[in-house]
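> In case you want the letters, here they are:
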Amino acid sequence: MSMNLKVALFGIAREIVGQPTLEMVAPEGQSAQGLLQDLHARYPALARLSSLAVAVNNEYAADDTPLREHDEIALIPPVSGG
Amino acid sequence: MSMNLKVALFGIAREIVGQPTLEMVAPEGQSAQGLLQDLHARYPALARLSSLAVAVNNEYAADDTPLREHDEIALIPPVSGG
Amino acid sequence: MLRLRSAGRSFLLTHLLSSLIHIDLTDQPIDVPTALRSVEADGAGAINTFIGTVRNQSTGRPVVRLEYEAYDSMALHQLRKVAEQAAERWPMLQKVTVVHRKGTLYIGDVAVVVAVSTPHRAESFAACQYIIDTLKQVVTIWKKEFYEDGDVWVAAHP
Amino acid sequence: MLRLRSAGRSFLLTHLLSSLIHIDLTDQPIDVPTALRSVEADGAGAINTFIGTVRNQSTGRPVVRLEYEAYDSMALHQLRKVAEQAAERWPMLQKVTVVHRKGTLYIGDVAVVVAVSTPHRAESFAACQYIIDTLKQVVTIWKKEFYEDGDVWVAAHP
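Protein chains in written order, with the numbering used here: chain A, 1 to 82; chain B, 1001 to 1082; chain C, 2001 to 2158; chain D, 3001 to 3158.
According to the in silico footprint, chain B covers these stretches of chain D (three or more CB under 8 Å from chain B):
no.	segment
1	3073-3084
2	3098-3112
3	3129-3136
4	3141-3153
Taking lysine to aspartate or glutamate and the EDC-like style, the derived pairs with C-alpha atoms no more than 16 Å apart in a straight line are:
no.	chain 1	residue 1	chain 2	residue 2
5	C	K2081	A	E59
6	D	K3081	B	E1059
7	D	K3081	D	D3024
8	C	K2144	A	E15
Worth flagging that the hints you see were computed from the coordinates, not collected in a lab.
From the three backbone atoms N, C-alpha and C, an ideal C-beta is built for every residue, glycine too.
Could you build the full structure based on these sequences and the hints that come with them?
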């Protein structure tokens, strides 16, 4: 089984990927870390960032957080507000 | 030899003494501490304050600072600005 | 005035918090006096405010302008969480306001204002500093610096 | 911007300091926005401000009003010394403003404003807190609290 994920991109991650959202097909139960591994493979420049987190429904996700089809998923490069 | 000193009073020290300035006759070379001892004797309520400092020309005076006739002398009860 | 524990937050508490915590993310210039007035309280003897402005240089390089981009919904959610954490840690906190700017900013423009009120002063400094320090670690806002000859996403690379 | 050592302060340095340190003691309401604007600087990314206001109670006793009395010449001299000490300790300080009110104040009135600007934020908190903490120890201003049924010179007795 697979699921469709929509990943929002911001800042330098958006620039590296070249678009503000990515539609991805992922295996059912894909973890946040699994998603990052897929993205690092497709966009090697993402792996060179100081950090890259996954957010699910406005919260930072742990590595093993399972993703679900209707989650609001986002890639969070190093924040620099303030 | 003696000298005439004028001592400015503020806050609770002014209220204890009942006037904003005191004219005093003191021995030549009287120290800040000597002045305080004279005042404690005349106004025992001053001795009950948390602290009482002498200022000379807008600076806090050390105990042994000698007072001079034309110095600007003031009694400084515990400050409570801010 | 804010007294809460991490767990078992009641409806009343949540309601109280939302009336005492004011969060905003805006693409308009921040009105600093309004932000300060918003934390006034009769029980507060101390107000501490941090204002972050755009400096004319960054690590020695002259800055022309900045652009702030935000993941709005998460930024607002995380800002509120940071303010609530401060209210848990300093239960005497009276009011908290955090306003962050986004979009294009020039030298001297205000990027962020944090204002807190407490009965006594030491806690106002500690809570305000906690909020700005934590904001910079977790809130999903990104700053791009523009120089005469290039631009950089701040903190993006090691 | 302020770079000085305790000893051997030159004429130029003294002149610089006086243009970057603004001290006031006033019997008129303090204009907080003006005080904040006075520390803006292109090299400052951080402004920290402490505002002391009149609380509605003191150690549990409802306060009706306060009266602040000052030994003006010494208070102004000591305020300036405190600001100069902060500039020695934090040489990156850009500007400092300290305004203290005197006379009769009511609940919510602003008694004191300290505002400092620095390139980075940690020093703005530290310098501002140093100034208000030291002010409270050395500046010749006295506060009398008035309650429904009496009055007290604050801190006068052990």
